[in-house]
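**Q** With chain A's structure known, arrange chain B on it following the hints.
These protein sequences, in sequence, are chains A and B. Using this note's numbering, count along the first sequence one by one with no gaps and you end on 478. Using this note's numbering, count along the second sequence one by one with no gaps and you end on 478.
Hints are computed from structural coordinates only; laboratory data are not their basis. One or more hints might be untrue.
Identical copies look the same in the list; a pair holds intra-copy or inter-copy alike.
The calculated SDA-like cross-link candidates involving lysine to any residue, where the alpha carbons are at most 20 Å apart (straight line), are [stated by the list, open to error]:
#1 LYS348 / GLU410
#2 LYS362 / GLY402
#3 LYS449 / GLU410
#4 LYS464 / PRO416
#5 LYS464 / GLY408
#6 LYS348 / THR445
#7 LYS431 / GLU410
#8 LYS464 / ILE415
#9 LYS464 / THR445
#10 LYS464 / GLU410
#11 LYS449 / SER412
2 protein chains.
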Amino acid sequence: MTNKTHREQFYLDDIQVGQKFGSDSHTLDEAQIKAFAAQFDPQPFHLDAEAASGWHTASITMRLLVTSGAPMAGGVIGAGCEISWPIPTRPGDTLSVESEIQKIAASRSRPERGIVTILSKTHNQRGEVVQLMTAKLVVFRRPVVGISSK
Amino acid sequence: MTNKTHREQFYLDDIQVGQKFGSDSHTLDEAQIKAFAAQFDPQPFHLDAEAASGWHTASITMRLLVTSGAPMAGGVIGAGCEISWPIPTRPGDTLSVESEIQKIAASRSRPERGIVTILSKTHNQRGEVVQLMTAKLVVFRRPVVGISSK
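The shape of chain A in the complex, shown without the other chains (with noise of 0.2 Å):
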C-alpha cells in the first residue's frame, strides 16, 4: 500500500498496475447529510438523515482521492468513471477509499499523458463497500528537465 506524504507526487512513470493507494478517513455526521441532501438530492431519505445520496459519498471520495488517496501529479483528473453503491453510507460513518491501479494506457497523440484506470473501493468503519467506482484518470508523464521543445 502507497501511502502520500505532503510533497510526493505520482507521474505515470512513477505507477504501475497492480499498485494500491491508501486514503485518510471523513466522518459524516446527520448535519452534513442534510445540507448536501437540502442543496442537491433533497428526497426525504436523505433530508431526514436516513441515509447519505450517493453523490455525497462520491463527493466524500473525491476528496479523499484528492487529498491525500489518489497522489498524481498535476491533480486528479477524471474522464469519466463506473460508480455503484452496493449499501448505503449512513450518520455517523467513516469513510476511507482503498484505491488500485487497474490498467495503463500511453496515449499516441498525447505522448506526455496516458489514461490510468483505477478501481477505488470506499469503505465504513465496519469494512463494507459504500462505493465502488472505476475511474478513468488522465495523468502526465514526468517532465523531461534540461530538454527545451524548441
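**A** Same frame as chain A, but now just chain B:
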C-alpha cells in the same frame, strides 16, 4: 418531451422506452464552484473557479432530476451509473438535463419494482453536453388499490 407538474409522479407502469423528460435549469456562479471545491474537490483549477468539479456538475444534475427532470414515484433511486464529462462546466453556465428512457427490466425476485436504464444529458446554455450519465434506477410499480396482501 414529458414535463413534470408538481403533483404528477411516474410509476413503472407509466414509462416506456424512448420517453423523454426535461428539467428546470440552474445557473452556476463562481462562488458556488469555489464553495463546492473547497469542501469536496480542493484542486487549484476548481478552487479558482476556472471550471467546476465534475462531482459538482453531477450533484446539480441530481438536484435537477429530483426536483423536476425524473419524476419517479418513490424517488430517484440510483443503483449505479456510468458518467463522463466531455467538456468542463464554467462559471456562469446555466445547466439543464434531458433524459431518455433506454431500457426497462422487470425484477423477477421483486415483482413490485423494475430497473430502468435512463440516459441523462446535462447541457449548458449553448446546448453543449457537459455531462453524460447512464443510470440504473429502481422504479416501483403502481400499488394495487383495494387488494390487501394479507
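**Q** So which hints don't hold here, by number, going up?
**A** No numbers; nothing is violated.
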